[in-house]
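For chain A, the structure is supplied; the task is to place chain B on it using the hints.
In order, the protein sequences belong to chains A and B.
Every letter in the first sequence is one number past the one before it in my numbering, and letter 119, counting from 1, is 752.
Every letter in the second sequence is one number past the one before it in my numbering, and letter 24, counting from 1, is 29.
It should be emphasised that the hints constitute simulated quantities derived from the structure, not laboratory data.
Note that CB positions come from ideal geometry on N, CA and C, so glycine has one too.
There may be inaccurate statements among the hints.
As the list claims (entries may be wrong) - Covered, in the sense of this in silico footprint (three residues per stretch, anywhere, with C-beta under 8 Å from a C-beta of chain B), are these stretches of chain A:
# : segment
1 : 671-682
2 : 738-750
Unchecked claim - Computed cross-link-like contacts, BS3-like style, restricted to lysine-lysine with a CA-CA straight-line distance of at most 27 Å:
# : chain 1 : residue 1 : chain 2 : residue 2
3 : B       : K50       : A       : K646
4 : A       : K678      : B       : K112
5 : A       : K646      : B       : K112
6 : A       : K678      : A       : K646
7 : A       : K678      : A       : K699
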Amino acid sequence: QVQLQESGPGLVKPSQTLALTCTVSGDSISSGTYYWTWIRQYPGKGLEWIGYIYYSGNTFYNPSLKSRVTISVGTSNNQISLNLGSVTAADTAVYYCARGIRLYGIDVWGQGTTVTVSS
Amino acid sequence: DIQMTQSPSSLSASVGDSVTISCRASQSIGSYLNWYQQEPGKAPKLLIYAASHLQRGVPSRFSGSGSGTDFTLTIGSLQPEDLGTYYCHQSYTTPATFGQGTRLEIK
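Chain A extracted, bound-state conformation (with noise of 0.2 Å):
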């Protein structure tokens, strides 16, 4: 059974750097089927997708955060991170990690994580 589990700050102060990390189990990151995202959802529900990495270490950003974002394998190698810049209290959302194929949706989620961005 495929598992995703996100972690890292809860808080984070305005203009610094969210960090967060996925772990995937019961899959691998690099079989190369499928590529691995990060969504947010705001607290007035409106989900963003934020990115996807895919086994090949190609990366793709919604052009509304590109310069703020980067999205990479781990220092583990099933785990996938998020590094958001320069936060504001916009960016206050629970932070999903997700898998999936582009004809097929995402089929897996992790549990989600909130972030606050307040000083």
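Below, chain B alone, put in the same frame as chain A:
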């Protein structure tokens, strides 16, 4: 970006009713349309992928149809556990985008 517009934004229905939710894309996305259910306090769950394909383990009362710009999710014979918010999602191009959600309440 491709805009995804869902209707209605909310609805209330009784157990046993049939319910339909619509999703319209601002440009053609072929069949790259997926539907998710989000129960309160949980992550979204994939119901339908590629517009009309039922995800493994999802009850057959859920069905999807459409292509191009207009899509529909139908829940036949509504059950109490179907409450939550439903989202459509286009995976045709980046950035992937989601509809604003349809909140389903069980009377």
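Against the structure, the hints come out as follows:
| no. | hint | result |
| --- | --- | --- |
| 1 | 671-682 | holds (count 5) |
| 2 | 738-750 | holds (count 7) |
| 3 | B:K50 to A:K646 | violated, 31 Å |
| 4 | A:K678 to B:K112 | holds, 22 Å |
| 5 | A:K646 to B:K112 | violated, 43 Å |
| 6 | A:K678 to A:K646 | holds, 22 Å |
| 7 | A:K678 to A:K699 | holds, 22 Å |
Checked against the numbered hints above, the structure violates hints 3 and 5; every other hint is satisfied.
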